[in-house]
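Undergrad: Now for the letters of each chain:
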Amino acid sequence: MAVPLRYNARNLIVRWRSTLATVLGIALVVAVYVMVMALERGLRNTYVTTGDENNLLVLRRGSTSETSSQVTHNDHRRIKYLDGIARNDRGEPMASAEIIILIYLDRVDQSGGANVLLRGMGPMGLELRPKIKLVEGRMVRPGMHECVVSKKIAARFANCRVGDTFRAGKFFWKVVGIFDASKTAFDSEIWVDADEAREAFNRDFYGSVLIRPVDDAIGSLLAQRESWSKKLKELKEADRDATAAKLAEVEQAIGRTLVGRIEADRQLQVRVLSERSYYEEQTRTGMPIWIMGWFLSTIMSIGAAFSAMNTMYAAIGRRTREIGTLRVLGFKRREIYACFMLESILIAVVGGIVGCLLSLPLNGIATGTFSWTTFSEVAFEFRITPELLGKGMVFALVMGVVGALLPARLAARKPVLDALRAV
Amino acid sequence: MTIPGFILRNALRNKRRMVLTVLSVTLSLFLFCTLQTALRELTNPATSEDAALRVVVRHKVSLGNVLPEKYQSKIGRVPGVLYCSKFTWFGGTYIDEKNFFPQFGCEADKLFQIFTESRIDSKQLEDFIRERTACVVGIKTMERFGWRIGDKITLVGTLWPVDLELTIRGVYYEGIDETNLFFHHDYMDELMGKKGLVGTFWIRAASAEAIPGMIRQIDALFKNTDAETKTETERAFQLGFVSMFGNIKMLIGSISTVIVFTMILVTASTMSMAIRERSRELAILKAVGFDGKQVFGLILAESFGLAMVGGLLGCFGAWALFSNVDIYKLSQGFFIKFDVTPHIISYGLLIAAVLGVSSCIVPALASIRTSVVEGLKTLD
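For the record, the sequence lines run as chains A and B. Start counting at 1 in the first sequence, then tack on 11, and there's your number in this note's numbering. Start counting at 1 in the second sequence, then tack on 20, and there's your number in this note's numbering.
Since the hints were derived computationally from the structure, they do not count as laboratory data. Wrong hints could be hidden among the right ones.
As the list claims (entries may be wrong) - Computed list of lysine-lysine pairs in BS3-like fashion (alpha-carbon distance at most 27 Å, straight line):
#1 A:K241 <-> A:K257
#2 B:K118 <-> A:K242
#3 A:K402 <-> A:K194
#4 B:K269 <-> A:K162
#5 A:K185 <-> A:K142
#6 A:K242 <-> B:K357
#7 B:K215 <-> B:K243
#8 B:K172 <-> B:K215
#9 A:K194 <-> B:K269
#10 B:K269 <-> B:K214
#11 A:K181 <-> B:K214
#12 A:K257 <-> B:K118
As the list claims (entries may be wrong) - Distance ranges between label pairs, derived from CB positions:
#13 B:D206 <-> A:D94: 23 to 31 Å
#14 B:D116 <-> A:G123: 52 to 60 Å
#15 B:A340 <-> A:E147: 51 to 59 Å
#16 B:N344 <-> A:D215: 23 to 31 Å
Where a beta carbon is used, it is the ideal one built from N, C-alpha and C, also for glycine.
The task is simple: from the sequences and hints, build the whole structure.
TA: Here it is as structure tokens:
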């Protein structure tokens, strides 16, 4: 028969001061862990949901980001009228030549400013991004120097509400609409007409072309190509053959599609990526946060485990006579061990729950950080998932178990007679 | 037995508890110092007295836009400008994207006139100036890739559509960020077909007093042109980057606060445990003639001592660790120096001191207030 759980619970309540301190210690560690990881999750989620798996992004060969790529007017025309590009219900090809320009805007609260992405896009831009909805006003009309801004930008930066104007490049831009980018990276952008943007900033080229192919399978083929070639880079010379063969197979399949035709075209010095993997690649922006999260919570949890250990040792020291009594009543050593282990786990579970509850209010709060890929601010939300809370609880449990390992052993090994004699 | 001896004995009576308490203080202060150092590194770019004389001209819209080369001669004529060099971010890839380090095109003969605090061998500098495809590299990056003078490297352009093939002709120390690589601006411009595009202009001013007027004059020169400029001191330019990190500062700040708070809580709980189990002894002490103040002093000294030992271990542990580990390599170039400054250490020790005092006050006062008879009666 095991020692009743009620015995542990009552003990915890009797010495409520040290119980409370340990519970809070564990709770704070769990809270810090969940909060920092929620930050990283939010950032990752932003990038993962941004790209549409049906869209392809055409960049200049060799460039890694839209900001540094160049595509000419002729390239755009050539790509747009290729066979295999989807057409909308009005029969127009679904392709949008786009250009990204960094502009510097002041924040609403006058705490300095930040770089923001201004995206010039063709008339098909919005239609190619079905996740994004206008929530206020209307889309821009070419030739009027108008812009639409995301909800997050409207809230964070000065002069970005409908009806406001701000200056960037040669023109004053009038805000005519606000869009909800449903937590994608477009939440950190301002959209204008592509040709107006080129004029305003003296650019000869577009940055990229976003297209929708008729064939839906292309996206997954491109994703395979990315993952195989990444794998190939990590392998040693000798082990490369099998992977290289698979890569060649995928390349061949791609060669027969629209992408193959674009990439083989000598007049177009471009490469094609799936929009989805282009944005997924940017999740590495969150790496420093992820490392910080692990570093902090590991060291803090060791500290918290020490405090749990201290509490358990004290509890056992004070209850030496009780332990003796329990043994005389017939409880075995391993039951005593389990009893104290359980007591520590109980503290940890309560601590874990409190920690999770402490972190919950952060869920959905918007924040922003600096992305080195685009050199601009990316807005995102803290994202606390059930999985993350689960991990927080596991963290708490580990602290509880580690904290009780040695003290519980000490308790179980006490000789009965000595224990009974103790004052 | 002497009084200090008595305090020491008391602190050591439960060695396990003492070790655990000291260690948890150590860990907390180690974390505190690490976070503060990281925060300092992110928000407080390295500056020197010379930096006060440096001024940066960039495109008004943002750093992502370029200026025409012809601005240079006009800027050069503004009173107070001693030297002015083209300065363009290349952002190329060396073999793999993971090997990121900053690369700039500049004018070789002016570079070390503007960044006067950097040291370079004069022979190496001459070689660099003479050869079009030469470059100089900071010691940190040299060591990171194990480069030697005379090595040839290729930087693949990601921002600019050209690849640079460079020969390392010199190493510089101190001053400018020791991770940079500098090459000839003209070489890059030539590869691109003499487009005459410049990212920024860096200026060394004749005196600090001349700077405000100079900034106004330069910006006025290019007002209402296609490419208006924004001129600011190096410090303001760097802080502009910091502001883009957004509320990372607040995040790290609040985590530090949580850590300090947790630590006080845990240590206070341990201290009160140690004192409560001694109520009987304290009563005996009072019975043999120690007054309340003396007993309080004994407890305070013990608690303060434990906290300070933990504090010293934690703060100097962080200092010793980070000055012996190559953080630059470890963080893949994210952190450069990671100096635990005396300021941060003393801040950490102050926290340890406050912790030592505050954690014993409540339990100590409580046991002093109990009368001798009450205290003697307690069993545990």
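Undergrad: Measure nothing beyond the straight line between the CA atoms of K242 of chain A and K357 of chain B; if it is 27 Å or shorter, mark the hint as holding.
TA: violated (33 Å)
Undergrad: Take the C-beta atom of N344 of chain B and the C-beta atom of D215 of chain A, compute their distance, and say whether it sits inside 23 to 31 Å.
TA: violated (52 Å)
Undergrad: Next pair to validate is K172 of chain B with K215 of chain B; report whether the Cα-Cα distance is within 27 Å.
TA: holds (26 Å)
Undergrad: Is K402 of chain A within 27 Å of K194 of chain A, Cα to Cα?
TA: holds (24 Å)
Undergrad: With the threshold set at 27 Å, check whether the alpha-carbon distance from K257 of chain A to K118 of chain B stays at or below it.
TA: holds (25 Å)
Undergrad: Does the structure keep K241 of chain A and K257 of chain A at a Cα separation of 27 Å or less?
TA: Cα-Cα ~12 Å, so holds.
Undergrad: The hint says 52 to 60 Å between D116 of chain B and G123 of chain A; measuring C-beta to C-beta, is that right?
TA: Violated - the Cβ-Cβ distance for D116 of chain B and G123 of chain A, about 34 Å, lies outside 52 to 60 Å.
Undergrad: Check the hint pairing K185 of chain A with K142 of chain A against an upper bound of 27 Å on the C-alpha distance.
TA: This hinted pair holds, its Cα atoms lying about 24 Å apart.
Undergrad: Regarding the pair K181 of chain A and K214 of chain B, is the alpha-carbon distance no greater than 27 Å?
TA: holds (25 Å)
Undergrad: Given a hinted range of 23 to 31 Å, is it respected by the beta-carbon distance of D206 of chain B and D94 of chain A?
TA: For D206 of chain B and D94 of chain A the Cβ distance comes to about 46 Å; the hint is violated.
Undergrad: Holds or violated: are the alpha carbons of K215 of chain B and K243 of chain B at most 27 Å from each other?
TA: holds (22 Å)
Undergrad: CA of K269 of chain B to CA of K214 of chain B, is that 27 Å or under?
TA: This hinted pair is violated, its Cα atoms lying about 42 Å apart.
Checked against the numbered hints above, the structure violates hints 6, 10, 13, 14 and 16; every other hint is satisfied.
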